[in-house]
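Peer 1: In the order they appear, the protein sequences are chains Z and F.
Take 559 as the starting number for the first sequence in the working numbering and just add one per residue.
Take 159 as the starting number for the second sequence in the working numbering and just add one per residue.
If a hint is listed, it holds; no wrong ones were tucked in.
Restraint-style ranges between C-beta atoms, simulated for each label pair:
| no. | chain 1 | residue 1 | chain 2 | residue 2 | range |
| --- | --- | --- | --- | --- | --- |
| 1 | F | Phe169 | Z | Leu897 | 36 to 42 Å |
| 2 | F | Glu253 | Z | His848 | 45 to 51 Å |
| 3 | Z | His848 | F | Gln220 | 36 to 42 Å |
| 4 | Z | Pro899 | F | Gly195 | 29 to 35 Å |
| 5 | Z | Leu681 | F | Tyr209 | 48 to 54 Å |
To be clear about the criterion: a stretch of chain Z counts as covered by chain F if any three or more of its residues have a C-beta under 8 Å from a C-beta of chain F, and this derived list gives those stretches:
| no. | segment |
| --- | --- |
| 6 | 839-853 |
| 7 | 892-899 |
In case anyone wonders, no lab produced these hints; they're calculated from the structure.
We treat Cβ as the ideally placed atom computed from N, Cα and C, and that holds for glycine.
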Amino acid sequence: MKIMKTRYAASVMAARIAAPMAAFAAVMTPAIAFAADAPPKLDSGDTAWMLTSTAIVLLMTIPGIALFYGGMVRKKNILTTLMQSFAICCLISVLWMVAGYSLAFTAGGSFVGGLGKMFLSGLKVDDLSGTIPESVFITFQMTFAIITPALITGAFAERMKFSAMLWFVGLWSLVVYAPICYSVWGGGFLGKAGVLDFAGGTVVHINSGIAALVAALVIGKRVGYGKEVIAPHNLVLTVIGGSLLWVGWFGFNAGSAVAANGTAGMAMLVTQIATAGAALAWMCCEWMTHKKPTVLGIVSGAVAGLVAVTPAAGFVDPMGSLFIGIIAGTVCFWGATWLKPKLGFDDSLDVFAVHGLGGITGAILTGVFAVKAIGGTSGMLEGNAGQVWLQLYGVSVTLVYSGIATFILLKVIDAVIGLRTDEQTEREGLDLVLHGETVP
Amino acid sequence: MKLITAIIKPFKLDETREALTGIGVQGMTVSEVKGFGRQKGHTEIYRGAEYSVSFIPKVMIQAAVSDDIADTAVETIRSAAETGEIGDGKIFVSEITKAVRIRTGETDEEAL
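Hey, can you work out the whole structure from these sequences and the hints?
Peer 2: What follows is the structure in structure tokens.
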């Protein structure tokens, strides 16, 4: 995101200032020359789009993820699942204000930012981030910081203590999310190395996907997993949630242009194409192997496509995005229906298969399909094979750091307060025991 | 007085209700239930995980009728709810020892 901003700043500013002033060009020529070199100033079009994007990215978590996951759990655990997303939204908003934003987006070392903007102290109403108010940029990024840990909750659904979940998510946001975000977008070493991540394939999806896998392994399987019927209780909610994710994702991907421009438009178009391609790919794979095209399958495929096109959105053309979608839909289907049962872990709502594998697929394919004329960087198909290695570098660093840090955090919390609810609670349902409420 | 309990296929409910009101049955209670008989269960697949679901959704009708129309009512339900396929359901008939209409206090046949 940061890369994009600086890359486009000069030319965009020149064009923006020149266009409305065309009529006065003759008399104003010296002024235009001066303006092109001046520091960026607020653009109301960009700001309007980023305000909109911020609102619809928030919609991805509440109620998007909440409903998407809520429909997939058993009825006795739906409220606890909704509660996790909602509480994460509140907790991370406060933590982002306290320290998260500062750690992720202020100048610091190569791995983590500084503490200069803790509590957002000193933020003024006319502070800018590129061509938009910094307040808008902070809130936009806040919605990304919210959705990332909310995605992880699918891995430990139906069995994690609420208190342990809050501790884990709060610490994870500061210890894992903020540094990875800084490394890629805030001026850290991955971004400087040239790793491409337009809207968060690495920062959001690989990061949460590997954390989800580790969490599923550390916390263990649900009681009765593999022996009893543990089926989704209401896929209508899942379809609504998945559809809200899809719509919100336009804010996520097209909003990551941090401008209302051609890059945002192209990001929106390729997002739609990849998502549709992945949904059809998952549906067809399932139709062939399990004889029926399922509703859960097509929605899962759509989310896999959204994930995979996230790092690629500002860098690839429509054809590239179609390939990314089809490949991601197939890979994630394989991950959820073959790999997971084969390895035998209970990543309850397939966060690793969809976000981890989808994110990795998208990150690598961004290096393959990037088009110089679109995002300024060539991919392997344009002769820049090195970009694929760079992408793999970004993927590996994230997998290793997030995986290890997540493992340590979970082990420490387990030792101090315990991660899991007891078997009796799990049998009765977390809604009633943890929250004292039920859905009839 | 007889209590007729019929467990039928859900899509046969409207037809059965119409047939019963046609022979003078004044009211009934309907519940959505699950169970299995000779039809056994079915298989559901979620992201490749197959579950055999042993209880199938059915509708249970309970109607209290006077002795003189009990046999007609049973035959009416049987013909209305029949498809000829396995899983059409069952009808049980039992004695009612007392019936009271709450609003008026009327009892037995008058309360039906």
